[in-house]
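Trainee: Listed here are the chains, written in short residue letters.
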Amino acid sequence: MAATNTLETPRRKLYWGAVNAVVLIYAFVPVIWIVSLSLKSDGELNNGRYMTTSPTFEAYQQIFSNDDFTRALINSIGICLISTFLALLIGTSAAYAIARLQFPGKKAIVGASLLVAMFPQIALVTPLFSITVAIGIFDTWLGLIIPYITFALPLAIYTLSAFFREIPWELEKAAKMDGATPYQAFRKVIAPLAMPGVFTTAILVFINCWNDFLFALSLTTSTDARTVPAALSYFQGATTFEKPTQAIAAAAVIITIPIVIFVLFFQRRIVAGLTSGAVKG
Amino acid sequence: MVACTVLSACGGGDSGAIDLNYYGDASQLGMAEIMQRCSEESDGRYRIIGNLLPSDADGQRDQLVRRLAAGDTGIDVVGPDVTWTAEFAEAGWLEPIEGEDAERATEGLLQPPIDTATWNDTLYAIPKSTNVQLLWYRTDLVDEPPTTWEEMFEMSLDLKEQGEPYVIGFTGAQYEGYVVGFNTVLASFGGEIVNEDSTEVEIDDKTVQALELLRELGTNGTASRSLSNSQEPEVFAQMQTGEAAFILNWPYVSSAMAAAAETDEQSAEVLDNLAATSIPQTTEDQPARVTLGGRNIGVSSTSEHKAEAFEAALCMASPESQVTQAIEAGDVPVTEALFERPEIREAFPQYEIILDSLQTASNRPKSPVYQNISTTISNVISPPSQIEPEETAERLRSEIQDALDGKGILP
Amino acid sequence: MSATTTQPGPGRSEAEDEAARIARQRHNEGIRAERRFGLMLCAPAVIVMAAVTAYPIAYAVYLSFMRADLRNPSDREFVGLDNYITILSSPYWWNAFFVTSFITVVGAALQLVLGMALAIVMHRTIVGRGLVRTSALVPYAIVTVVAAFSWRFAWSQGIGWLAGPDSAPLTERWPSLFIILLSEVWKTIPFMALLLMAGLALVPEDLLKAASMDGANAWQRFIKVTVPLMKPAILVALLFRVMDSFRIFDNIFVLTSGANDTSSVSVLAYNNLIRGLNLGIGSAMAVLIFLTIAIVAFVFIKGFGTAAPGADGGR
Numbered sequence: 235m236a237a238t239n240t241l242e243t244p245r246r247k248l249y250w251g252a253v254n255a256v257v258l259i260y261a262f263v264p265v266i267w268i269v270s271l272s273l274k275s276d277g278e279l280n281n282g283r284y285m286t287t288s289p290t291f292e293a294y295q296q297i298f299s300n301d302d303f304t305r306a307l308i309n310s311i312g313i314c315l316i317s318t319f320l321a322l323l324i325g326t327s328a329a330y331a332i333a334r335l336q337f338p339g340k341k342a343i344v345g346a347s348l349l350v351a352m353f354p355q356i357a358l359v360t361p362l363f364s365i366t367v368a369i370g371i372f373d374t375w376l377g378l379i380i381p382y383i384t385f386a387l388p389l390a391i392y393t394l395s396a397f398f399r400e401i402p403w404e405l406e407k408a409a410k411m412d413g414a415t416p417y418q419a420f421r422k423v424i425a426p427l428a429m430p431g432v433f434t435t436a437i438l439v440f441i442n443c444w445n446d447f448l449f450a451l452s453l454t455t456s457t458d459a460r461t462v463p464a465a466l467s468y469f470q471g472a473t474t475f476e477k478p479t480q481a482i483a484a485a486a487v488i489i490t491i492p493i494v495i496f497v498l499f500f501q502r503r504i505v506a507g508l509t510s511g512a513v514k515g
Numbered sequence: 024m025v026a027c028t029v030l031s032a033c034g035g036g037d038s039g040a041i042d043l044n045y046y047g048d049a050s051q052l053g054m055a056e057i058m059q060r061c062s063e064e065s066d067g068r069y070r071i072i073g074n075l076l077p078s079d080a081d082g083q084r085d086q087l088v089r090r091l092a093a094g095d096t097g098i099d100v101v102g103p104d105v106t107w108t109a110e111f112a113e114a115g116w117l118e119p120i121e122g123e124d125a126e127r128a129t130e131g132l133l134q135p136p137i138d139t140a141t142w143n144d145t146l147y148a149i150p151k152s153t154n155v156q157l158l159w160y161r162t163d164l165v166d167e168p169p170t171t172w173e174e175m176f177e178m179s180l181d182l183k184e185q186g187e188p189y190v191i192g193f194t195g196a197q198y199e200g201y202v203v204g205f206n207t208v209l210a211s212f213g214g215e216i217v218n219e220d221s222t223e224v225e226i227d228d229k230t231v232q233a234l235e236l237l238r239e240l241g242t243n244g245t246a247s248r249s250l251s252n253s254q255e256p257e258v259f260a261q262m263q264t265g266e267a268a269f270i271l272n273w274p275y276v277s278s279a280m281a282a283a284a285e286t287d288e289q290s291a292e293v294l295d296n297l298a299a300t301s302i303p304q305t306t307e308d309q310p311a312r313v314t315l316g317g318r319n320i321g322v323s324s325t326s327e328h329k330a331e332a333f334e335a336a337l338c339m340a341s342p343e344s345q346v347t348q349a350i351e352a353g354d355v356p357v358t359e360a361l362f363e364r365p366e367i368r369e370a371f372p373q374y375e376i377i378l379d380s381l382q383t384a385s386n387r388p389k390s391p392v393y394q395n396i397s398t399t400i401s402n403v404i405s406p407p408s409q410i411e412p413e414e415t416a417e418r419l420r421s422e423i424q425d426a427l428d429g430k431g432i433l434p
Numbered sequence: 040m041s042a043t044t045t046q047p048g049p050g051r052s053e054a055e056d057e058a059a060r061i062a063r064q065r066h067n068e069g070i071r072a073e074r075r076f077g078l079m080l081c082a083p084a085v086i087v088m089a090a091v092t093a094y095p096i097a098y099a100v101y102l103s104f105m106r107a108d109l110r111n112p113s114d115r116e117f118v119g120l121d122n123y124i125t126i127l128s129s130p131y132w133w134n135a136f137f138v139t140s141f142i143t144v145v146g147a148a149l150q151l152v153l154g155m156a157l158a159i160v161m162h163r164t165i166v167g168r169g170l171v172r173t174s175a176l177v178p179y180a181i182v183t184v185v186a187a188f189s190w191r192f193a194w195s196q197g198i199g200w201l202a203g204p205d206s207a208p209l210t211e212r213w214p215s216l217f218i219i220l221l222s223e224v225w226k227t228i229p230f231m232a233l234l235l236m237a238g239l240a241l242v243p244e245d246l247l248k249a250a251s252m253d254g255a256n257a258w259q260r261f262i263k264v265t266v267p268l269m270k271p272a273i274l275v276a277l278l279f280r281v282m283d284s285f286r287i288f289d290n291i292f293v294l295t296s297g298a299n300d301t302s303s304v305s306v307l308a309y310n311n312l313i314r315g316l317n318l319g320i321g322s323a324m325a326v327l328i329f330l331t332i333a334i335v336a337f338v339f340i341k342g343f344g345t346a347a348p349g350a351d352g353g354r
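Chains as they are written, first to last, in the working numbering: chain A, 235 to 515; chain B, 24 to 434; chain C, 40 to 354.
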């Protein structure tokens with residue numbers, strides 16, 4: 235989308251190039267340090283240098299030496315995709331109602347969902363553990379998906395309803411007057427406008443799920459449902475008091491890749507949403 | 024909830040075998056081998072399933088305690104750190120080991136590790152491994168290692184004056200390792216933190232002496248600047264990077280330094296001159312009383328297969344298992360006779376010092392609320408440079424007593 | 040909603056009255072249908088959240104009035120507000136409270152300013168937009184504990200690239216707090232930026248153009264046009280950041296474990312609840328943390344007035 239008041243002159247391109255560079259430095263300097271740690275040999279680890287001089291892929295071989303990590307990766311991907319999808323489905327309908335409809339108890343629902351987001355999770359883990367054990371979903375995908383949906387919902391509902399409120403719904407009416415069916419009006423007019431909010435939320439919910447450590451650790455016990463952040467904590471150093479620094483760094487690098495792919499995919503959708511935003515004029 | 028890990032070779036063969044769930048250090052190197060061998064040796068009576076817990080001790084305890092408190096019948100064999108044994112026993116989570124079983128469980132073992140597994144004169148677990156810190160030093164910097172802290176300070180200051188590496192590496196960060204160091208110093212002075220049955224705090228002039236020593240380390244310029252942020256890896260690094268002349272650390276230092284030396288000249292240089300001796304004494308005439316580390320293994324009181332679980336635990340702590348763990352993970356054996364074995368002597372070139380230190384070793388307070396005591400101590404005495412011996416001792420007295428009585432809040 | 044009620048009058052025919060009645064009825068039915076539909080749409084969310092959290096939250100509140108140790112379930116006793124009194128009279132709590140508030144306030148301010156800047160870059164840049172948008176999110180994607188661990192390593196004297204051979208910032212209080220802030224802010228700017236960017240997307244170009252024609256400069260356009268339209272996005276982003284920041288745990292736990300008076304209230308709650316197994320004190324701390332956040336959130340939402348979700352007066 236070419237914003238109408240910006241001419242893509244070489245000078246402007248140069249200017250934005252420089253600004254982008256600052257963003258890339260911000261994002262990647264600490265990340266490259268983690269990559270560098272993952273590639274350092276035992277000898278190099280403590281030498282205080284930012285970059286590794288003789289990279290070794292030992293740590294990567296180590297984490298893939300058995301299928302524990304691969305299974306954790308599959309669990310993470312499956313659990314987080316399902317949780318994100320369901321959280322968005324449930325969250326979108328609730329957010330639509332909150333943004334668009336008048337009904338009793340609306341404020342209570344909004345308030346109560348915040349309550350869920352406010353309570354310190356460490357105080358909830360032990361009872362949740364007992365509940366999942368009692369109903370037999372401990373150490374299953376479902377046993378993680380349900381809490382993940384729950385704790386994603388407040389953010390989803392808030393973000394989505396904030397965006398839905400800003401959508402010019404008159405357009406829907408206008409489209410209907412022009413002869414569009416309600417479905418067409420929704421698909422062609424409203425959905426594209428809602429997309430930036432929905433995909434933004436999807437990315438945040440997915441990342442939150444992907445990075446969760448507390449529930450992943452406390453509500454699983456085997457490779458059946460253990461996700462990557464929990465699997466990280468099982469990495470063992472060569473002896474009791476050595477930290478598997480390189481392996482942890484390597485695993486962190488590996489599990490960031492699916493997120494980058496996920497974001498790459500969805501950021502395009504955000505762009506798509508923006509472009510159709512021009513319809514509004 | 025049946026937990027199948029790679030370790031357990033799930034679904035493989037022998038039907039009729041009971042599944043025994045082990046919760047402890049299953050992710051530790053060598054444990055997979057041990058569990059598999061013990062399962063095989065049971066002739067199809069049981070199969071040990073290693074349930075992974077986080078590799079750090081605190082993370083293990085968090086998970087383990089939650090399950091034990093919930094009365095999880097899926098736990099058969101438990102592997103508590105030496106400091107949790109009293110807690111687990113008092114809470115009724117560990118099955119007492121009595122009579123003939125107790126004899127079998129302690130046969131040929133060193134006494135200090137047995138003490139870690141004993142609470143109220145009853146054995147609650149089988150000692151599986153132990154550990155003691157050593158004083159690692161550079162032979163190219165000092166001809167003879169120091170025998171007392173006093174001497175070590177002098178040597179360090181001399182080296183500093185000569186512009187040589189001089190730092191004394193010590194685990195002074197606010198965490199369990201600092202409590203280990205404090206306990207060693209205190210015990211060496213002849214002091215204790217709590218009384219025998221862990222009802223009263225014991226603070227006296229020995230506590231003050233121990234605090235004075237830590238304060239001196241923190242202020243006399245012999246410690247690393249990052250003393251109060253140093254855990255084992257940082258202390259190791261101080262030796263590796265040539266900052267330290269002396270470090271107090273566990274026996275793994277030699278194997279870790281050898282691994283680093285393969286790719287790093289600096290480490291290789293240090294390795295060539297690296298030697299170990301016993302922890303420095305606090306007084307001229309008394310040997311240091313170094314704090315025991317290690318792990319025990321016991322039977323969960325909720326287990327539905329206690330007899331098999333006990334057999335499995337015995338096997339996992341057997342001399343043969345200890346050898347595997349010593350070689351694979353660098354854990355020090357608890358069976359005295361093993362120190363005669365060539366493979367142990369090879370795994371721990373300093374075996375003589377280790378064995379000596381084990382004879383006079385001390386324990387951290389045996390108490391059902393050890394975690395609370397430890398959290399309190401590491402907070403009150405941190406950082407070493409801010410210790411005001413008399414005042415800090417008084418704070419220790421009141422706050423540890425609160426911890427024992429379950430009053431107040433933990434820092 | 041303007042209820043168009045027509046009073047039946049003497050000059051009207053029966054038929055007209057009947058039509059008005061039907062219209063009114065339809066209108067009422069419409070309201071009823073809307074209510075039903077609204078509740079129906081919210082039901083799944085409410086059910087899931089209630090099913091998962093109602094019992095644990097209620098249980099935590101219950102425990103906060105008890106003397107309760109996980110190791111000794113039979114020795115429970117109602118102690119009223121004792122736990123709260125113990126906590127509120129402890130200097131540890133107030134120190135942690137100060138640290139947490141400091142990190143929350145300074146952190147949120149930094150995140151808002153830097154997040155907005157990043158959002159504008161992501162929104163406006165004319166070269167490599169996909170690259171910038173994706174890259175900018177990477178810090179948020181790194182697992183927190185690993186990121187914190189790498190910062191700790193980087194700031195460790197002698198072995199990290201950020202600390203010189205002679206500086207050990209993690210051994211002192213204020214340097215530690217700033218490193219904690221850095222680690223926290225670095226990681227969460229993208230969260231802020233992403234939400235704000237989606238908000239920016241809702242600002243109509245032509246409105247900005249019109250303002251530009253009226254002689255508003257870039258800053259004025261931003262303050263007078265963009266920010267007011269983004270108010271809901273800003274509210275949501277800031278609210279969730281503040282709520283999360285106030286529960287900061289991982290970063291502090293890994294970087295300092297609370298040494299040198301850098302504990303946050305969540306680290307304190309962890310030490311008492313999970314490590315000390317003191318369910319009473321630990322739960323009371325959780326409730327206090329919750330209450331503090333609730334008050335802050337309430338003030339926020341009031342402050343933002345009609346921009347808040349669920350408030351009346353939306354479009």
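Quick caveat, the hints were computed from the structure, so don't treat them as lab data.
The reader is advised that the hints may include incorrect statements.
Unchecked claim - Sample of chain A residues with no beta-carbon within 10 Å of chain C, all distances over it, derived:
{"id": "1", "residue": "S288"}
{"id": "2", "residue": "A409"}
{"id": "3", "residue": "G413"}
Unchecked claim - The calculated lysine-lysine pairs, modelled on DSS-like cross-linking and capped at a C-alpha distance of 25 Å, are:
{"id": "4", "chain 1": "C", "residue 1": "K341", "chain 2": "C", "residue 2": "K263"}
{"id": "5", "chain 1": "A", "residue 1": "K341", "chain 2": "C", "residue 2": "K263"}
{"id": "6", "chain 1": "C", "residue 1": "K270", "chain 2": "A", "residue 2": "K341"}
{"id": "7", "chain 1": "C", "residue 1": "K270", "chain 2": "C", "residue 2": "K248"}
{"id": "8", "chain 1": "C", "residue 1": "K341", "chain 2": "C", "residue 2": "K248"}
{"id": "9", "chain 1": "A", "residue 1": "K407", "chain 2": "A", "residue 2": "K422"}
{"id": "10", "chain 1": "C", "residue 1": "K248", "chain 2": "A", "residue 2": "K247"}
{"id": "11", "chain 1": "A", "residue 1": "K410", "chain 2": "A", "residue 2": "K422"}
{"id": "12", "chain 1": "C", "residue 1": "K263", "chain 2": "C", "residue 2": "K248"}
Just so it is clear, CB atoms sit at the ideal spot from N, CA and C, and this is done for glycine as well.
Trainee: If a hint holds in the structure, say so; if it does not, say that too.
Mentor: Do the hints match the structure? See the list:
1. The beta carbon of S288/A sits about 17 Å from the closest Cβ of chain C, which is more than 10 Å, so the claim that it is off the interface holds.
2. Taking the minimum C-beta to C-beta distance to chain C, about 17 Å, the non-interface status of A409/A holds against the 10 Å cut.
3. G413/A, annotated as away from the interface, keeps every beta carbon of chain C farther than 10 Å; the closest lies near 23 Å.
4. Annotation: proposed proximity of K341/C to K263/C holds, straight-line Cα distance about 21 Å (limit 25 Å).
5. The suggested pairing of K341/A with K263/C is violated, with an alpha-carbon distance near 29 Å, which exceeds 25 Å.
6. A hinted pair counts as satisfied when its Cα atoms are at most 25 Å apart, and K270/C with K341/A qualifies at roughly 19 Å.
7. Restraint check: the Cα-Cα separation between K270/C and K248/C comes to about 20 Å, which is no more than 25 Å; the hinted pair holds.
8. Our distance criterion of 25 Å between C-alpha atoms is broken by K341/C and K248/C, whose separation comes to about 32 Å.
9. Straight-line distance between C-alpha atoms of K407/A and K422/A comes to about 12 Å, which keeps the hinted pair within the 25 Å bound.
10. The hinted pair formed by K248/C and K247/A meets the criterion: a straight-line CA distance of about 21 Å does not exceed 25 Å.
11. For the hint pairing K410/A with K422/A, the CA-to-CA distance comes to about 11 Å; that is within 25 Å, so the pair holds.
12. For the given pair, K263/C sits about 13 Å from K248/C by alpha-carbon distance, which is consistent with the 25 Å threshold.
Figure legend: structure checked against the earlier numbered hints; hints not met, in rising order: 5 and 8.
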